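K.L.:
These are the residues of each chain, in order.
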Amino acid sequence: MEKISGARSLIKALEKQGVKEIFGLPGGANLPMYDELYKSNIRHILVRHEQSAAHMADGFGRVSRRAGVCFATSGPGATNIVTGLATANADSAPMVAITGQVPTAMIGRDAFQESDIIGIANPVVKYSFQPTKATDIPEVVKKGFYIAETGRPGAVLIDIPKDVQTNEAEMSFPEEVKIRGYHPWTDPDVVAIEKAIKLLLSSTRPVILAGGGVIISSAFAELQSLAEMLMIPVVSTFKGKGAFPENHALSLGPIGMHGHAEANKIMSEADCVLAIGTRFSDRSVGTFAEFEKNLKIIHLDVDPAEIGKNQTTSVAIVGDVKASLRIFVKLLMQKAFKKTEENEWLKHVSEVKQYWHDNLKIPQGELTAARIMRKLREVMPAQSIVTTEVGQHQMWASLFYDVISPGTFFSSTGLGTMGWGFPAAIGAKAARPDLPVVDIAGDGSFNMTENSLATSVLDNLPVIVFLVNNYTLGMVAQWQRTFYDRRMIGVDQKRCPDYCKLAESYGAQGIRVGDLNELGQAIKAGLKSDVATVIDIPIDPEEDVLPFVAPGTSLKDMILPS
Amino acid sequence: MVWAILSILVENKPGILFKVTHLFRSRNFNIDSISVGVTENPELSKMTITTIGDEKQIGQIVKQLDKMIDTIEVKRLDDKKTVFRELSLFRVKVSKPSDSMEINNIANSFGAKAHDARKDSIMVELTATPEQINNLQELLAPYGILDIARTGVAALQRGGD
Ligand SMILES: Cc1cc2nc3c(=O)[nH]c(=O)nc-3n(C[C@H](O)[C@H](O)[C@H](O)COP(=O)(O)OP(=O)(O)OC[C@H]3O[C@@H](n4cnc5c(N)ncnc54)[C@H](O)[C@@H]3O)c2cc1C
Ligand SMILES: Cc1ncc(C[n+]2csc(CCOP(=O)(O)OP(=O)(O)O)c2C)c(N)n1
Ligand SMILES: [Mg+2]
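Residue numbers (this note's numbering), protein chains in the order written: chain A, 333 to 894; chain B, 93 to 253.
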């Protein structure tokens, strides 16, 4: 057998894995990998900051449901991706990050650009590897993708010392790997599913709560069949937004801190919930004790550790959403039960929905949150991919931008990482160049990774930045207005920078709009453009996100617009 | 609050102890004692961790440990069906000649051994349950304990279970 270097075997293993693009930035400790990448057909997408490389890989992974890959050098390159690893992992997104490390003999000597990235990243990754021999690399790569993509997906880190990259050896590439302590899939327990069905059919006020797991498992058709067979209203978590078409008659939208009023209302009235692929975050449920009061919880999740972590369950089903929902549907078809098109509960649900549709007060004005989001929805094709940044604009997107085509809405929800949305949009575009991609952004968040404009323009990955510009760290400002008696500190961006000029300086398109009509035109221009388009939308910095369930209170206690 | 003994079979690879203890830290669980050693299979090590928490917390600890990719098996041992022992060493102060005799007597009553008897101190070794060791410690305390070393618990379920 021919001898090849560790770096060569890495690139070969990535090619075998089907990797077509890598987001990254080189440095001393990963030069051997880059030298092999030079000889490969894999496309390298150069970033301006490694954090963005990780977010791009994350966006790519969420959209394609295959691990996105990013490269960084040792030391500061590696520490720069930590936020990206934590963000992907918190949201169970598949990602493989590959870092260079100082040579084995230098580890522990405080070498130049040495950082113990395995130690630093440990609590924020699903798994990490540091191969010590070149011959380990093919297997490590195979295992890395296997772990990142299966069961509850997550971020995997592979840290390769420079000598391990350069050492040559005869390599063999495993077709399959087994990991003794890793059993990602459990066959769903049919008996538990039967129990769940019984409970759902015997309850009078049932709801389905669709979580992020539905999107991860891409079980959209299954969820819709089940909801329609049982005629049960569907709420979601914010991460599960768009797991179920939001224009469907049974859809009520996200619950939680900034949930839809009708969703929070119906969720708090329910007597039984089928919670699918959700980890019951405090942002979704308000207070744990209050949420489970008088509520029977059926919890379906692939991760056994999620069962009973935050809420007490009546029926637990451990398994993949798609596989389990198929069994639900099959069992229901065998049972000759009569579905009720009409009952008291459904009637009440649609009344509540109608009430909030008619009565939720939204501020008057031309460019208000609700109106700009609805305009965006109106102009964007249904199957467009949306990412968001973090802040008020993100919550307004949740409230006023309806996801019609399931699984097209992505956001940093668990960590809430400002600066995620734009690079993630670029990663999404790399995964689906055929679809329009828009990042619903806030000015503060965009500032954190706006230099990705260079990547978007130069690597031909055009996306729209829908910049909801209050020149304010608006979400924080809202908390200061609400809970700190308007003592505003550290939130004013002082009308800096000029986003149109900023966009233009990168060779992108910048459009400032003054009314809804111009906004519509700008979105259309963005859809047609072959460079990134930043749409600067000035909005009132005092506008609040409402309804608002204050932290530590229950979904019943929504603060409503007055 | 209950005291639980967890027996964890893990890959015998560098960094595993770090990952396990880090899990306890990041999830805000307690480690009461920990001991590690290789097993009959050199690829695997056995960790024995004793911990304190309410039933729900301990259930979570077991599940989170189980979820770790490097853990092969996580068992919560039933302390009634388990032999568990800890090795302890005490250096006890000898202030007057009679102390030496008394300390020896206490040690004998626990089945402990005395070592390294000197004019001003004596070492006592006891392998027993943590509770018995605590009892011994209480009785030795009045003489003045100069130094203590405890290993943490090693545990094996009795045969047939
Ligand atoms: C500013 C801000 C405000 C927010 N406000 C809200 C709010 O109002 N309401 C709200 O709900 N959230 C809100 N969030 C988001 C919140 O922090 C959590 O990220 C979110 O609620 C988590 O949703 P989830 O549990 O459905 O999804 P995830 O965190 O994605 O969890 C997915 C679950 O599904 C499981 N799973 C994964 N894959 C599968 C599979 N194939 N089969 C079965 N199970 C699987 C996982 O084990 C996990 O338990 C907010 C976030 C931010 C940043
Ligand atoms: C990296 C990071 N730092 C700080 C925060 C805390 N934070 C949450 S929202 C927010 C303001 C976001 O401002 P902007 O992007 O302009 O959005 P807006 O709320 O104004 O719509 C801040 C600072 C965060 N989520 N992420
Ligand atoms: Mg802002």
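These aren't lab readings, by the way, just hints derived from the structure by calculation.
It should be emphasised that the depicted structure is a prediction, and the values quoted were computed from it without experimental measurement.
The reader is advised that the hints may include incorrect statements.
Simulated crosslink set (EDC-like; lysine to aspartate or glutamate; CA at most 20 Å straight-line) [as the list claims (entries may be wrong)]:
| hint | chain 1 | residue 1 | chain 2 | residue 2 |
| --- | --- | --- | --- | --- |
| 1 | B | K105 | A | E622 |
| 2 | A | K510 | B | E135 |
| 3 | A | K641 | B | E147 |
| 4 | A | K465 | B | E194 |
| 5 | B | K188 | B | E165 |
| 6 | A | K352 | A | D448 |
| 7 | A | K344 | A | D367 |
| 8 | B | K148 | A | E507 |
| 9 | B | K211 | B | E194 |
| 10 | A | K510 | B | E165 |
| 11 | A | K465 | B | D208 |
| 12 | A | K510 | B | D162 |
Looking from chain B toward chain A, a few residues come up when the C-beta cut is under 8 Å (computed) [stated by the list, open to error]:
| hint | residue |
| --- | --- |
| 13 | I150 |
| 14 | Q152 |
| 15 | D162 |
| 16 | G203 |
| 17 | K205 |
We put the CB at the ideal spot given by N, CA and C, even for glycine.
K.L.:
Going straight from one Cα to the other, do A/K344 and A/D367 come out at no more than 20 Å?
P.N.:
13 Å, holds
K.L.:
CA of A/K510 to CA of B/D162, is that 20 Å or under?
P.N.:
12 Å, holds
K.L.:
Tell me if the straight-line CA distance from A/K352 to A/D448 falls inside 20 Å.
P.N.:
The given pair, whose Cα atoms are some 29 Å apart, is violated under the 20 Å limit.
K.L.:
Sort out whether B/E165 lies within 20 Å of A/K510, counting only the CA atoms.
P.N.:
16 Å, holds
K.L.:
CA of B/K188 to CA of B/E165, is that 20 Å or under?
P.N.:
52 Å, violated
K.L.:
Are the Cα positions of A/K641 and B/E147 separated by 20 Å at most?
P.N.:
This hinted pair holds, its Cα atoms lying about 12 Å apart.
K.L.:
Just to be careful: measuring from the Cβ of B/D162 to every Cβ in chain A, is the smallest value less than 8 Å?
P.N.:
It holds, given that the least Cβ distance between B/D162 and chain A is near 6 Å, below 8 Å.
K.L.:
Should the hint that B/K205 touches chain A count as held when the rule is a Cβ pair under 8 Å?
P.N.:
39 Å, violated
K.L.:
Taking only the CA atoms, is the gap from B/K211 to B/E194 under or equal to 20 Å?
P.N.:
It holds: about 14 Å lies between the C-alpha atoms, which stays within 20 Å.
K.L.:
Check whether the Cα positions of A/K465 and B/D208 lie no farther apart than 20 Å.
P.N.:
Violated, because 48 Å separates the two Cα atoms, which is more than 20 Å.
K.L.:
Within 20 Å, alpha carbon to alpha carbon, are B/K105 and A/E622?
P.N.:
44 Å, violated
K.L.:
Straight-line Cα separation of A/K510 and B/E135 no greater than 20 Å?
P.N.:
Answer holds: A/K510 to B/E135 is near 15 Å, not above 20 Å.
Of the numbered hints given earlier, the model fails hints 1, 4, 5, 6, 8, 11, 13, 16 and 17; all others are met.
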